[in-house]
Amino acid sequence: MSDEIKPMTFDRFRELIAAYGASPEKWPDQERALAEALIATSPEAEEIIRDAAALDTALDSLPTPEISSELREGVLEIADGLKPTAANENRNVIIAIAKWYPRSNGTWLRAAAAAVVFGVLCGVGVSQVFVPPNTVIIAQPAVPQIIDPVAEQEVQNELTSFSPTEELSAALVDTGLQNGGVSEESTEEDSEIPII
Amino acid sequence: MAENISDPVDGNVTDRRIDIAASVKHALGALPERQQTAIILVHYEGYSGVETAEFLDISVEAVESLLARARRSLRQTLKPQAIELLGER
Numbered sequence: 001m002s003d004e005i006k007p008m009t010f011d012r013f014r015e016l017i018a019a020y021g022a023s024p025e026k027w028p029d030q031e032r033a034l035a036e037a038l039i040a041t042s043p044e045a046e047e048i049i050r051d052a053a054a055l056d057t058a059l060d061s062l063p064t065p066e067i068s069s070e071l072r073e074g075v076l077e078i079a080d081g082l083k084p085t086a087a088n089e090n091r092n093v094i095i096a097i098a099k100w101y102p103r104s105n106g107t108w109l110r111a112a113a114a115a116v117v118f119g120v121l122c123g124v125g126v127s128q129v130f131v132p133p134n135t136v137i138i139a140q141p142a143v144p145q146i147i148d149p150v151a152e153q154e155v156q157n158e159l160t161s162f163s164p165t166e167e168l169s170a171a172l173v174d175t176g177l178q179n180g181g182v183s184e185e186s187t188e189e190d191s192e193i194p195i196i
Numbered sequence: 197m198a199e200n201i202s203d204p205v206d207g208n209v210t211d212r213r214i215d216i217a218a219s220v221k222h223a224l225g226a227l228p229e230r231q232q233t234a235i236i237l238v239h240y241e242g243y244s245g246v247e248t249a250e251f252l253d254i255s256v257e258a259v260e261s262l263l264a265r266a267r268r269s270l271r272q273t274l275k276p277q278a279i280e281l282l283g284e285r
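First to last, the protein sequences are chains A and B.
Heads up: the first sequence is residues 1 to 196, going by this note's numbering.
Heads up: the second sequence is residues 197 to 285, going by this note's numbering.
FYI, nobody ran anything at the bench for these hints, they're computed from the structure.
A couple of the hints might just be wrong.
[Claimed, not checked] Only part of the chain A face toward chain B is listed, based on derived beta-carbon distances under 10 Å:
| hint | residue |
| --- | --- |
| 1 | F10 |
| 2 | E15 |
| 3 | A18 |
| 4 | A19 |
| 5 | G21 |
| 6 | K26 |
| 7 | D29 |
| 8 | A33 |
| 9 | D51 |
| 10 | D56 |
| 11 | L59 |
| 12 | S61 |
| 13 | P63 |
[Unchecked claim] Derived pair list, reagent style DMTMM-like, types lysine to aspartate or glutamate, alpha-carbon separation capped at 20 Å:
| hint | chain 1 | residue 1 | chain 2 | residue 2 |
| --- | --- | --- | --- | --- |
| 14 | B | K221 | A | D56 |
| 15 | B | K221 | A | D60 |
| 16 | B | K275 | A | D60 |
| 17 | B | K275 | A | D51 |
| 18 | A | K26 | A | E47 |
| 19 | B | K275 | A | D56 |
For glycine and all other residues, C-beta sits at the position ideal for the given N, C-alpha and C.
Next comes chain B alone, as it looks inside the complex (with noise of 0.2 Å):
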């Protein structure tokens, strides 16, 4: 008879993953509107930084601040779970 036990070790991962997602909606969510907006459009969304510039009426010198700014606020929050998911690689 099969036995349909799922593997305790990848279960772990895969609820740590869905830890790690909560944590980059919530970190996102925390970010600046303005600073949301640039990261979803170019890490998400794939626009480029001519595109975002055009979108937000705003020069592409500005677009790269605002995401800058995002990202680096994103590191500091996430910095320990970006470090584990390179660990799982």
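So here's chain A without its partners, still in its complex pose (with noise of 0.2 Å):
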């Protein structure tokens, strides 16, 4: 990820508006100036933005709750939860997952067995931080997947002999669940679970 602020030339500004649209609050704040700056001085910077004005009135005719496919119900509803604030812990393990997921031959199963240790090791229900398969379309878009209570107790299974491989291992000393990331006060429940 850059951080790196690109001077706001025009063919930046062709990248920045063919990219977020013509909506101002969601270009990237450091550029935002800057591109409202280049629209004041350009009819042709205009003439894209009234172009792409055209797109985002038709994209807003769909409210957004009308997206039910499995993307929004699944991904999306679990992402919305993730912005990042103080109170969600969750998110930074969620996404570890995710991060993770692409990088192994592993099923979703394997990812979600995961997540369940990982909810465990923070402290939180399982019900909270168990990952439906669709979660895992966040870092790799596949084929959605929806769950239901046979595989939800595949993963119950799952977890009695979850053996976490080198992989993930690796995965939980990155995010620094296993050492440190963990809070001091276990329970007797934490003992229960198999520690990484």
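Put the two chains together into one complex, using the hints given.
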């Protein structure tokens, strides 16, 4: 991820609008003022904005709740809870798994099982952290899968024999959850979980 | 007695907007999944490019590329509807 602030050349302005559309609130914070200044002085920039606004208007005709595909129901509702807040410690856990998953050869089941282990290590409930398969689409949009009770039971079964791979162990270390990221206020429940 | 007759003009506009929304939904659904995810996260959910990059584990530049390709496809598909909507303003 780059924090570099690009100069607001006309080419960069085109890129910006092509990606984010005509609404300044969607533009990167650090480029908004520069882009607005360019619009104020360039009729050509104004034309680009008008063109992008047409598509924005068409997109806005579809209210967000109507995008009720598996993608929205699964991935995005969870992602909506992942806004970075001090109270949301799950966010880093989910993101860590999302980053780990596409590099693995495992199934979503392993990712879900890992999520449960992460969740317990973090001191939160399984239901709060359990990652349905759609969540993995955040990292690797593949074939959406629908979680069902059978699949959930499979996760529970998997947990009984869950043995983390070296890759998962490395992911735990990366997130700091293995060393230092775990609350010292361990409970008796923690001791029942295989500590990696 | 009060009449309860719907305005045929407003009714047509509403019907047309529903049609356009259906077209948008169809066009979104036809996008490759990562483009679809990027558009929904940024345009509809209001996440920034940086946040979206983090979710997708890609660079901000890659997110912008996904968004640009998605919008280009949507624009081609939805151009007639977009022009019509602008005309109603």
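Checklist entry - Out of the numbered hints, which ones does the structure contradict? => result 1 and 8
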